[in-house]
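Asks: Listed below are the residues making up each chain.
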Amino acid sequence: MQFFERLMMMDRRWVFLFLAAVCFFTYYVEYDVPIYVEPETERIYTFIDSLPEGDIILLAIDYDPNSMAELHPMTYTIVEHAWRKNLRLIITALSQNGPGMADQAIRDISDSLAMPATYNGVEYPAREIVNGEDYVFLGYKPYYALVILGMGQDFRLPFPNDYYGTPLDSLPMMRRVVNYDHVACVISLSSGTISDGWISYGQGRFGFPLFFGLTGVMTAQYYPFYGSGQLSGLMGGMLGAAQYEFLADNYGLARDAMKVQLPAHVIIILFIIMGNVGYFASRRRERLGGVS
Amino acid sequence: MKYLLSAVIVLGLLAGAVWAQESDQPSTAAADTAVSADTVSVAPPAPVGNLRAYDSDNDHGHAVTLEWELSPDDGGGDNSVLMYEVFRWYPYFWDTVQEVRAELVTARQRRVQGTLDVEGDPDDYVKELVSRHTELLSTLPEAHEQYPDDGEFRLVRAVPAGTEKFEDRGPKDRLAEDFLPDYCDFYYRVDAVTIDESVRTPSQIVGPVQSYGQWFNTGRIVVLCFVLVFGLLTILFVQRARSGAELYVRPIAGIEAVDDAIGRATEMGRPILYVLGLGTAADVATIASFTILSRVAKQVAEYQTQLIVPTYDPIVMSVAQEVVKSAYLDAGRPDDYSQDIVYFVTQSQFAYVAAVNGVMLRERPATNVYMGMFHAESLLLAETGAIAGSIQISGTDQMAQLPFFIVACDYTLIGEELYAASAYLGREPVLLGSLKAQDVAKAAVVLFALIGVIVTTAGSSVFQNLFKVTD
Amino acid sequence: MTFGMYLWMTFGIFGTLAIFSFLYKDNPFYKFAEHLVVGVSAGYFVIILWHNGLTPNLFQRLADGDWYFLFLNSSRPEYLIPAFLGALMWTRFSQQYSWLSRWPMAMYIGIATGMAVPLEMANRINKQLFAMMNPIDFEHFFGTAGFDLLDPTSGLSQLIVFVGAMCALIYFYFSKAHEGIFGRVAKIGIYTLMIGFGASFGYTVMARISLFINRIQAIEAWRMVGFDNTNENYHSGFPIVFWVLMLGIVVYAIVEIVQYRNRPPETKQPAA
Amino acid sequence: MKRQLPLALVFLFGVFMIFQYFVPHEKSEYVYEFLLDWIYIIGIFALALGIWSLFRVSVERIKLRKEGATYSYVALIGLYLMIAFGFTAATGDGGALSTSYYIWLLLGVVCLALVMRARAETASGRKKLLALGTLVFLVGFVLMSIFDDSWAYHFYTAEGLSNPMFRIFFDYVMMPILATMFALLAFFIASAAYRAFRARNLLATLLLLAALLVMCRFNPYLPGIDFIAKASNWLMNVPNLAAQRAIVMGVGLGMVATALKVILGIERGYMGK
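Residue numbers (the working numbering), protein chains in the order written: chain A, 1 to 292; chain B, 293 to 763; chain C, 764 to 1035; chain D, 1036 to 1308.
Excised from the complex, chain A in its bound form (with noise of 0.2 angstroms):
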């Protein structure tokens, strides 16, 4: 048993160095990694997949940028998949530094609708986005529940005007759009407190289908809601956004993590694996009353 006597005395920086170097490693081997879909994620794809066009989404981005890492490849994929099938996006920034960085997700995203671009293989026409037009942006207000509530009542209420400062009634996409009656359906994209702010004061209070993309952390605590029927799909972390860039066919930053992913978890289970066995080992060795 030296063997696993000397790794568990050895030095955690060589676990932290391994870990490091297979993760760079393997970021630049290309390398396509099959995903198995879940049908937590399959009901948003499905759902959004069948809008008529022109229906409207409410997107909630209302994480910070510590948890961008996980919910950015979810909103890239989701905003690219409505506008491709033409629909509009009502967007929202509840989280106190969210908004500058929503601002700057949704330019680029429209930067790329522009490009003519032939995703690996997959023909899709360019198109131009207007602002006011395919999306309108509200920005941040603080207290997020009477914001949740006040666009129960009119979108007017809490954003008189948008995050660019003109009033919601000049914009061309908000005539006849009052309140969650007129729209589709609400996506929130956060990393908890704010989730559950949708789940009471958005759904409980107007019932429309509600959809979430979470980070990997808070995930499961969210199974409740989706067996409750109060959410109606979930997207957990990057693997929930790999899922959905899968359906989509739209190859992105969480496929990309992918190919990173499955060699550090395997190393992971390969640790706890190995630190058990090592830890089994040494206590039947002292059960024998060998050296300890």
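Simulated from the structure, these hints should not be mistaken for lab results.
From a predicted model like this one, the values you see are computed outputs, not experimental measurements.
For each residue, glycine too, the CB sits at the ideal point set by N, CA and C.
It cannot be assumed that every hint is accurate.
[Claimed, not checked] Going by beta-carbon spacing under 7 angstroms, a handful of chain D positions derived as facing chain C:
no., residue
1, K1098
2, G1113
3, L1241
Given the coordinates of chain A, assemble chains B, C and D onto it according to the supplied hints.
Replies: Using the frame of chain A, we list chains B, C and D on its own:
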């Protein structure tokens, strides 16, 4: 009874009015169809059946709900109904109110930008406009009583065919354009409209109906009962605990660990690190953590070991100082207390954790106690604690962090056990009383769930609907 | 991407590497980055709370009053009370007046907990209890589409959900010791809880690794900008900055190895 | 007076807020929004408490020349710079900041450092010298801000938020460092997986087995991946759902109980008795 009587009179009146409307309606319609002879002349659809209007229940007012039966030509007959248009009777007086409102809103906006050029003090001009606007609003109910003269029916909104219910809801903000006043008589009419806009059939007019806010939300009775019963249970058990009744609480593994961990720290003469987590003073987990801190501080004062409490939130810092000071007082060592036992680090999550990790590696505490609200940094703490070789006891109600605490710490209080620990450790009869109240409530919940499943699986959802909360 | 911005981007990468150096040991670079972010984030909170918090909620409301009347003549003087109470919180620093800060704190906690009671009761207990009473579907007991033990919508799964949740609730029952049948039921409860925690553990591992990948993507973006000659204001300065930082890392590594090699024997680095 | 009034206040506001939930009437909603505004403002003042305390701790470390005092300088300068950026902006919409602005900033930094050095200095002669130096730089600092019209202070309106330096410090100083702190966790999980995550008892074993099942789903090259993926999806939707539902209800009851104790004045821990 009063409503019934007035309703009958109104209906009689309405029948006359509708008949009058009916007569002139076809004439205009005929004229139109003659004009658009080339388009397929659509026969006017049958009107909507027994239109009812009533104040929306359980809301803060400013909303009226309309219900009607679909027109026979919607889905059946010659299926010519494309949508329904809801009309409401507006007094002309309403337009003057809107003008003053618009003037007030622009004046206010310009006042904020400082471009309001008006003789005299702009603030007084705005205040005067506000008083005029409120005065006009108060006379709205009289204006609505003059129905049907000096007013007209105006379109509220169009709803697609197939809808049988519509809620005319306006914001409660007086300055909003579509503000819907309370306590005014409203009259409604729903037109069944075909593809050709001009071919339509109005329903009979319904009203007067007033919108007003209710003082009690009947949809939430269940919640009120649960809260009241739970409150009474808490008071009852607290009284029993105060009167000295012995209340049994089962031993919790994590809590015993806290006591002998303090003993271990004293023998080794190394400090104890107590982390209150990232919650604010209003978070329940942090409040529970205060009680455990006061118990730990009292024992530390008695054994004269060193205690380190780095805090994340300013209010928690001040409260913790207060708690530790009184603990040292109770232990009879007020002079040992120094201002630097409890100190504020930073409001940024990870800068705080890095600082606490630094303390762990430098001071090498014998025991780390993490009690309260933790987020992503829990593993960082537990792992560094493992490196520093300290006994680690954790307790949090943040479900996402519990897995890491369970596998990386020696003892973990799972969710509620943290609240039970503050009652058990604090040995306060009062806290134990509240814990017992919770237990009774839990037993009740388990019982209801059991009965509920059996009854609903057997087919009747009566029992389940008892617990339905309509927001 | 101007050269100035590229320098700031390099500083960002330097900050990233400084924090990663904490994995090696608590070194001056890490301390510098840690304290810098402590100061900058505190400053950031002051600005955000002033511009997004105080100005709209307090100053703009008192704006139409005049400061020499202490804003008493503003149209909404009642907002002076929370401002005064907030200032009262600052008595925390003086020894003899610190009890004054208890009033605003009492209000703060009274309102916050008062709001939480009905909300938590409605959303966490009533709604979940209502969902727990959903009927168990005995016709499709072994799977809605034919025999399938692992079908989450089958009657069997619904039964497991119900029994698991019940036993887990009973585990949190503190008035009875865990012995006999009651002990076994509580045991099933804690087993379900452990499976639940295992599931969220798995997802959290994925979440953490994607954060690290995000950092790799940031470093990759920085490298590409360094050598992207299609950029119109690209000049030789870009790669120089790139290699200077790389050189710095190599030099630091060499210094550490040399120090490690001839360190005095007794202070051997403990196997952390 | 010191103890009864706060408890009465907690009880009064607590009970009102509980019953306000059941009264949808406009007036109760008006008071609800009004009180929410109040605690929002009080919360902001309380945070100023925290910043002041951070400032005091840093200044204390510098004064007593505690180990690592130089890093307190870094924290203070970071605090000063961020606040300076937040309240100033270049005049005109160009947004570009003139060099005099940077000189003004530098003067402020030197002033701050000198004040700290003066406070830490014990020898009275040098203390006077440093105090004089601070005064000179302070005068220069103030004059610069008055006579330089290429930029201006903005306390009432939020131009400071669009100050390019404020945005640069947010994007290239705060975000990378904070994001990397999160990323550290990936490494700690790897080393903790190896050393801390032990199947000590049946509970930890169950937890690790469930975790391994969920994590195996990422590796589609494993044999029998379809079964693993289906099993992991079932695990998320059935046992995990049961566990989380029990936890949500348990924690909910716990929160309500503790909140009621605070309102009824039973639980006084937060007041420090």
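Asks: For each hint, tell me whether it holds in the structure or not.
Replies: Status of the hints after comparison with the structure:
1. Interface restraint check: K1098 of chain D against chain C, minimum CB-CB distance 17 angstroms, threshold 7 angstroms, status violated.
2. Taking 7 angstroms as the C-beta contact cut-off toward chain C, the hint placing G1113 of chain D at the interface holds, the least distance being around 3 angstroms.
3. At a threshold of 7 angstroms, the smallest CB-CB gap from L1241 of chain D to chain C is about 4 angstroms, leaving the interface hint in force.
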